[in-house]
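Protein chains in written order, with the UniProt record's numbering: chain A, 1 to 276; chain B, 1 to 357; chain C, 1 to 260.
Any given hint could turn out to be false.
[Claimed, not checked] Under the rule of at most 30 Å between Cα atoms (straight-line distance), these lysine-lysine pairs were calculated in the DSSO-like manner:
no. : chain 1 : residue 1 : chain 2 : residue 2
1   : C       : Lys92     : B       : Lys167
2   : B       : Lys77     : A       : Lys58
3   : B       : Lys169    : C       : Lys36
4   : C       : Lys92     : A       : Lys9
5   : A       : Lys168    : C       : Lys36
6   : B       : Lys150    : C       : Lys40
7   : B       : Lys116    : B       : Lys169
8   : A       : Lys178    : C       : Lys36
9   : C       : Lys40     : B       : Lys169
10  : B       : Lys150    : A       : Lys58
11  : B       : Lys150    : B       : Lys77
12  : A       : Lys9      : C       : Lys177
13  : C       : Lys36     : B       : Lys167
14  : A       : Lys266    : C       : Lys2
15  : B       : Lys212    : B       : Lys277
16  : A       : Lys58     : B       : Lys167
17  : C       : Lys95     : A       : Lys168
18  : B       : Lys188    : B       : Lys212
19  : C       : Lys2      : A       : Lys93
20  : B       : Lys169    : B       : Lys150
No lab work stands behind these hints: they were computed from the structure.
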Amino acid sequence: MKIKKNLSKTLLAGPYLVWMIAFTIIPLCMVGVYGLTDRTGVFTMDNLTLLAQRGYMKALLLSLGLSLLSTVICLALSYPLAMILRSRGNGRKGFMVFLFILPMWMNFLLRTLAWRTLLEKNGVINALLDLMGLPSLQIINTPAAIVLGMVYNFLPFMILPVYNCLMKIDNDVINAAKDLGANAFQTFFRVILPLSVPGIISGVTMVFIPALTTFVISDLLGGGKVLLIGNIIEQKFTTANNWHVGSGLSLVLMIFILISMAVLNKYDKNGEGNAF
Amino acid sequence: MTKRNYFFLAAALVISFTSAGCGSSREDNSGRYPNGQVIVYNWGEYIGEDVIAKFEEETGIQVIYDMFETNEEMYPKVESGAVAYDVICPSDYMIQKMRENGLLQPIDFSNVPNLKYIGSEYLEYSRAFDPENSYSVPYCWGTVGILYNKTMVEEPVDSWDILWDPKYKNEILMQKSVRDAFAVAEKKLDFSLNSTSEPELAAARDLLIEQKPLVQAYVIDQVRDMMIGNEAAIGVIYSGEALYTQEENENLEYVIPKEGSNLWFDSWVIPANAPNKKNAEAWINFMCRPDIAYDNFDYITYGTPNTGAMEMMDEELLENPVLFPDEELLEECEVFQYLGPDAEAIYDEYWMEVLSE
Amino acid sequence: MKRLKRILADAYLGIIFLLMYAPIATLMVLSFNSSKSRAKWGGFTLDWYQKLLDSPEIMEALMNTLSIAFFSALIATVIGTLACIAINRMRKSTKGLFLALNNIPLLNGDIVTGISMMLVFIAFGITFGYGSILIAHTTFNIPYVVLSVLPRLRQTNRSTYEAAMDLGAAPVQAFVKVVLPELFPGILSGFLMAFTMSLDDFIITHFTKGAGINTLSTLIYSEVRRGIQPTMYALSTIMFIAALVLLALAGRPKRKKEAV
Chain A
1 MKIKKNLSKT LLAGPYLVWM IAFTIIPLCM VGVYGLTDRT GVFTMDNLTL LAQRGYMKAL
61 LLSLGLSLLS TVICLALSYP LAMILRSRGN GRKGFMVFLF ILPMWMNFLL RTLAWRTLLE
121 KNGVINALLD LMGLPSLQII NTPAAIVLGM VYNFLPFMIL PVYNCLMKID NDVINAAKDL
181 GANAFQTFFR VILPLSVPGI ISGVTMVFIP ALTTFVISDL LGGGKVLLIG NIIEQKFTTA
241 NNWHVGSGLS LVLMIFILIS MAVLNKYDKN GEGNAF
Chain B
1 MTKRNYFFLA AALVISFTSA GCGSSREDNS GRYPNGQVIV YNWGEYIGED VIAKFEEETG
61 IQVIYDMFET NEEMYPKVES GAVAYDVICP SDYMIQKMRE NGLLQPIDFS NVPNLKYIGS
121 EYLEYSRAFD PENSYSVPYC WGTVGILYNK TMVEEPVDSW DILWDPKYKN EILMQKSVRD
181 AFAVAEKKLD FSLNSTSEPE LAAARDLLIE QKPLVQAYVI DQVRDMMIGN EAAIGVIYSG
241 EALYTQEENE NLEYVIPKEG SNLWFDSWVI PANAPNKKNA EAWINFMCRP DIAYDNFDYI
301 TYGTPNTGAM EMMDEELLEN PVLFPDEELL EECEVFQYLG PDAEAIYDEY WMEVLSE
Chain C
1 MKRLKRILAD AYLGIIFLLM YAPIATLMVL SFNSSKSRAK WGGFTLDWYQ KLLDSPEIME
61 ALMNTLSIAF FSALIATVIG TLACIAINRM RKSTKGLFLA LNNIPLLNGD IVTGISMMLV
121 FIAFGITFGY GSILIAHTTF NIPYVVLSVL PRLRQTNRST YEAAMDLGAA PVQAFVKVVL
181 PELFPGILSG FLMAFTMSLD DFIITHFTKG AGINTLSTLI YSEVRRGIQP TMYALSTIMF
241 IAALVLLALA GRPKRKKEAV
């Protein structure tokens with residue numbers, strides 16, 4: 001009786017399992033198959049080793065660099081913000097957090113478009129600078145514009161988990177540290193920071209991965225002059241019509257994601273789903 | 001959990017929204033369109049404003065309309081069979097590639113009587129990529145040239161060289177499509193734009209890399225708006241866009257450089273897996289009707305091969321060198337050819353090197 | 001000292017706030033600009049809004065976006081919630097396996113998810129269109145539902161369910177009457193998280209959409225690549241105001257409750 005009951009409970013995971021296998025596992029296997037074969041279907045590692053070539057390597061390194069930089073900037077902006085919000089009165093806190101994540105509800109492409117409007121050669125910022133008699137700002141179509149776009153788009157994804165995690169820290173713990181003679185500096189580095197690591201990790205994950213794999217931001221703010229690994233993969237699929245190379249590069253990207261996850265998970269003790 | 005309340009409300013609103021939406025957009029259309037549908041795959045902004053509506057009304061065929069930005073983007077969609085289109089409008093070399101790879105089927109011209117309006121010289125040109133004239137019907141044609149802003153460029157423009165002039169750093173817009181970009185460099189170097197020689201292509205690549213610091217952006221359809229908005233001084237553009245941009249910004253001028261350029265044709269073809277071939281032919285026939293061809297021309301301002309539509313044009317337009325360039329200059333121009341998978345791979349590789357530099 | 005700290009903190013909040021909202025405000029202002037140029041003010045107009053409402057493509061894309069978001073979130077919620085009930089009862093090792101599986105779409109980067117689905121749809125001969133987008137969105141939505149429901153399920157008291165059974169309720173009845181109400185907040189937030197993610201998605205839709213169908217994201221993308229039309233500014237303004245009004249309205253009863 002008991003076994004039967006448990007079995008029927010387990011069956012509830014059936015649709016989930018079928019769906020995930022059909023649309024997550026099998027698709028990834030297909031990427032693997034495409035990535036490790038050439039057009040004639042013969043096994044090859046060429047699609048992976050291609051990355052050693054100058055053009056590809058450059059794009060990969062640039063992607064890694066820009067996404068790391070954006071992640072660091074996001075964290076540097078979010079952490080003080082979350083600390084300040086934490087210290088504010090209960091009534092207003094919710095509303096303020098809401099204000100800082102509200103832009104997330106506006107379409108991702110429109111948010112990016114906004115920056116193009118601002119940064120363009122004849123854009124809003126330059127028009128204002130011109131009015132004030134200042135020299136114009138030329139960062140559109142450069143890596144700087146892309147970092148700006150990444151930070152702007154992904155900042156809420158960092159604020160939310162860091163804030164949620166900081167909110168979970170009991171005030172008593174902080175007070176206890178103070179009572180035991182820790183100064184503000186020590187309290188922060190030995191109590192608050194270590195306790196907020198899970199939040200930081202979810203935040204980093206949620207910023208770093210989309211930044212590393214994006215092709216839209218570089219497309220809209222880079223004017224085709226800045227090529228990221230995401231752009232190459234996208235082009236291999238949509239215009240160069242070489243799915244094998246595209247899949248091979250995706251495999252490499254997955255390896256990078258796995259490595260960074262493994263590194264992060266080392267610091268994350270109670271792993272699952274702190275993001276929300 | 002403070003989020004709960006507003007989530008609730010959002011959910012309620014969303015549900016009401018969606019149910020309303022589904023009702024209207026997924027209704028059964030068989031009453032309005034007794035003759036089925038035709039799935040059209042065309043360039044963006046490449047058809048007259050009311051032409052689709054007219055076609056639907058007159059033929060009772062529903063049009064599913066999809067757009068692409070480059071030939072290269074269109075090809076994998078058709079080849080993979082992800083979507084079975086009925087009628088597509090690729091350019092010359094891409095038609096050749098599709099034909100050679102068995103992606104096209106011959107058109108039954110008894111269903112396209114309006115073919116008689118297509119000027120014979122255009123059919124003659126088409127033989128370069130469609131030797132029997134059996135797979136394609138010309139839709140638009142033109143050249144690639146330089147569009148420049150007279151207020152920002154003082155010297156006379158007649159050569160591709162100006163795209164390498166450091167004076168115009170950050171004022172240059174290049175085409176972000178592999179063949180068009182390479183054609184510029186190849187012509188400047190006095191090579192054929194159908195070159196498959198590796199040293200020549202490498203030289204063209206190096207020239208493009210040398211040019212990159214001067215380029216403001218690599219774009220496609222955006223050249224038009226950016227030139228109108230004075231965002232740049234010089235842009236590489238299709239001749240068809242020139243008339244439109246001149247209407248919007250009178251300081252713009254179009255030239256075909258003296259080294260020669262690309263002469264191109266966009267033609268209607270029917271893919272081998274088209275589910276509604278008859279309707280596709282009805283579509284092509286409709287596009288060849290003089291009044292429709294004129295409507296299209298009037299809106300998109302690309303050169304038409306339709307003699308009936310030409311008769312409807314003003315004298316002034318018929319003499320416009322942008323639409324109808326000098327014979328001499330046309331002699332210098334080449335039509336793209338499909339170069340085979342090996343050369344194509346080299347072009348792709350080199351193009352990526354340019355973009356990633 | 002405390003005062004200074006407070007001022008500094010306020011200034012910091014202000015700067016971030018400005019950074020977040022200045023671009024949105026710019027779009028809003030430009031949506032009323034009769035000149036197409038970004039740099040010149042040509043006078044106030046509502047034309048772009050009129051154009052927006054008159055455009056059948058944009059309206060259809062809006063409907064597609066909403067209905068795909070709704071149905072994909074709904075399907076994901078059902079599949080995800082059922083799975084959670086099962087996962088919650090599993091042995092630790094099996095559970096770990098399921099959670100790892102669940103994390104794949106979350107960690108993979110949208111581009112990989114997008115292309116992998118495209119490959120599989122082509123291999124299975126699934127026609128690209130409304131259906132393929134719906135399947136793709138459901139797939140990346142399921143993990144979000146699981147992540148919202150599972151922690152909630154862990155908090156529920158198993159004995160209430162058993163008590164209901166002891167009192168003669170059938171298992172299904174006991175579940176619907178006892179467990180479900182307790183889970184409901186988790187399910188709802190999972191649903192809305194999924195809904196939001198689907199609304200905002202571009203990359204996965206980009207790879208899995210078919211002919212003649214657009215969501216707002218894909219439509220905006222193709223429009224923007226052709227040059228920025230002021231109708232896009234109008235669309236941004238409307239979307240932002242809609243989100244603001246929706247969230248602000250619903251936020252009101254919350255504050256009252258907190259005051260009590």
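Structure-based check of all given hints:
1. Under the criterion of a C-alpha separation no larger than 30 Å, the hint pairing Lys92(C) with Lys167(B) is inconsistent with the structure, at around 68 Å.
2. Annotation: proposed proximity of Lys77(B) to Lys58(A) holds, straight-line Cα distance about 29 Å (limit 30 Å).
3. Distance restraint check for Lys169(B) and Lys36(C): the Cα-Cα separation of roughly 25 Å lies within the 30 Å cut-off, and the hinted pair is therefore satisfied.
4. A hinted pair counts as satisfied when its Cα atoms are at most 30 Å apart, and Lys92(C) with Lys9(A) qualifies at roughly 16 Å.
5. Distance hint between Lys168(A) and Lys36(C) is unfulfilled; the C-alpha atoms sit about 49 Å from each other, more than 30 Å.
6. Between the alpha carbons of Lys150(B) and Lys40(C) the distance comes to roughly 21 Å, so the proposed pair stays at or under 30 Å and holds.
7. With a C-alpha separation of about 48 Å, the suggested pair Lys116(B) and Lys169(B) falls outside the 30 Å cut-off, and the hint is violated.
8. Distance hint between Lys178(A) and Lys36(C) is unfulfilled; the C-alpha atoms sit about 59 Å from each other, more than 30 Å.
9. For the given pair, Lys40(C) sits about 24 Å from Lys169(B) by alpha-carbon distance, which is consistent with the 30 Å threshold.
10. Simply put, Lys150(B) and Lys58(A) have alpha-carbon atoms about 38 Å apart, too far for the 30 Å limit, and the pair is violated.
11. At most 30 Å may separate the alpha-carbon atoms for a hinted pair to count; Lys150(B) and Lys77(B) exceed this at roughly 40 Å.
12. Restraint check: the Cα-Cα separation between Lys9(A) and Lys177(C) comes to about 17 Å, which is no more than 30 Å; the hinted pair holds.
13. About 28 Å separates the Cα atoms of Lys36(C) and Lys167(B), which keeps this hinted pair within 30 Å; it holds.
14. Simply put, Lys266(A) and Lys2(C) have alpha-carbon atoms about 38 Å apart, too far for the 30 Å limit, and the pair is violated.
15. At most 30 Å may separate the alpha-carbon atoms for a hinted pair to count; Lys212(B) and Lys277(B) exceed this at roughly 45 Å.
16. Note on Lys58(A) and Lys167(B): the hinted pairing holds, with a Cα-Cα distance of about 28 Å set against a maximum of 30 Å.
17. For the hint linking Lys95(C) to Lys168(A), the alpha-carbon distance of about 25 Å falls within 30 Å, and the restraint holds.
18. For the given pair, Lys188(B) sits about 15 Å from Lys212(B) by alpha-carbon distance, which is consistent with the 30 Å threshold.
19. A threshold of 30 Å between alpha carbons decides the hint, and for Lys2(C) with Lys93(A) the separation of about 19 Å falls inside it, so the pair holds.
20. Proximity of Lys169(B) to Lys150(B) is assessed by CA-CA distance (about 16 Å); at most 30 Å being required, the pair is judged to hold.
Hints 1, 5, 7, 8, 10, 11, 14 and 15 from the list above are not met by this structure, while the remaining hints are.
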